[in-house]
Amino acid sequence: MILSDREIEAAIRHGFLTIDPVPAEHLWTSTAVDLTLDATLVRWKPGGPAVRPGLPGFNIRRLLEDPDRAERVPIFTEGYELQPGQFVLGYTEQTIHLPKGSRLAARVEGKSSLARLGVGVHVTAPTIHAGFGDNPDDPNDRGLPIQLEIFNLGNLTVALDVGMPICQLILEEVREAPVKGYAGQFSGQKSFTELRP
Amino acid sequence: MTEITYFEEVRCELSPGLRDDHLTACVTDEEGRTQYLDVTPTLINRHEGVPFLPVGFVQIDRERRRVLVEFPCEAYSGANRAWIAFEHLRHVDRPIS
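If you read the sequences in order, they're chains A and B.
Quick note: the first sequence uses this note's numbering, first residue 1, plus one each step.
Quick note: the second sequence uses this note's numbering, first residue 1, plus one each step.
Please keep in mind that the hints were generated in silico from the structure rather than gathered at the bench.
The structure displayed is predicted, hence computed values, not measured ones.
For every residue, glycine included, the Cβ atom is placed at its ideal position computed from N, Cα and C.
Hints are not guaranteed to be accurate.
What the hints assert, rightly or not - Output of the computed footprint for chain A on chain B, the stretches with three or more beta carbons under 8 Å from beta carbons of chain A:
#	segment
1	6-18
2	37-49
3	52-62
As the list claims (entries may be wrong) - Okay, the calculated beta carbon distance ranges per label pair:
#	chain 1	residue 1	chain 2	residue 2	range
4	B	ASN80	A	THR31	16 to 24 Å
5	A	ARG107	B	ARG94	44 to 52 Å
6	A	ARG175	B	GLU63	49 to 57 Å
7	B	GLU63	A	GLY101	24 to 32 Å
8	A	GLU109	B	HIS47	42 to 50 Å
9	A	GLN83	B	ARG81	49 to 57 Å
With these hints in hand, go ahead and build the complete structure from the sequences.
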């Protein structure tokens, strides 16, 4: 079931969901909340040997941190010009946390205003799973930004600006407590004792 | 004296679920009300053939010998939590001298 704006707001208020900072009023719609673009993009450098994600041990994070493969690009005041056919990685300004116990998952989707220009924000990977942003070492952690795969399929150059609404977050209820990520919860292993005559 | 250890599982009765591959688990709260939950069969634990619904402990009320438990999914009634009598939890009894 998709959460309405009122349910999203209530979930934030009761700590079942963190969106930090909470987007301004004009970024809310009836069943979604818009997230905004952070100030840094990551651009892949062309060339080099083929990337083989099917091999054991493939690590996208390592690839992102390899200066021969990727570069960080700040967005200046004039915006970042996304050329036709170009692909960059971006991040939301907001961090997201979906605590496991809240039984919420989410999807990040594009915005029609950008879609009409040919700009998409994810490449077939829209799901934000229950437990996203959980930090076992710090229960008060405010979560993680959402990484976006931004591409331009149109024939116009489209400027990306810091703080522009870039995607929408749709919250959904998870019907039954999942197995994965729920070690120790609903496993029937916790106990207490009493003494009876 | 007997030392009784209670686990995070509530005795339940099973009947066909809303879908062919689901079950309805029926548990009884401390006031005798029944709560029905639509669950997947693998969620149910069995001990010596008796089905138990795994739950989470929220609060233990030793004085009234009841536990506030969190269900693994919302009951048909809309309830997510219920007070359950100690006796309805899975327990292991150990006589001590």
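Hint by hint, here is what the structure shows:
1. 6-18: Three-residue rule met by the segment 6-18 of chain B, so holds; n is 4.
2. 37-49: The restraint on the segment 37-49 of chain B holds, since 4 of its residues have a Cβ under 8 Å from chain A and three suffice.
3. 52-62: holds (count 7)
4. ASN80/B to THR31/A: 16 to 24 Å: holds, 22 Å
5. ARG107/A to ARG94/B: 44 to 52 Å: holds, 49 Å
6. ARG175/A to GLU63/B: 49 to 57 Å: violated, 35 Å
7. GLU63/B to GLY101/A: 24 to 32 Å: holds, 26 Å
8. GLU109/A to HIS47/B: 42 to 50 Å: holds, 44 Å
9. GLN83/A to ARG81/B: 49 to 57 Å: Since GLN83/A and ARG81/B have Cβ atoms about 54 Å apart, the given range 49 to 57 Å holds.
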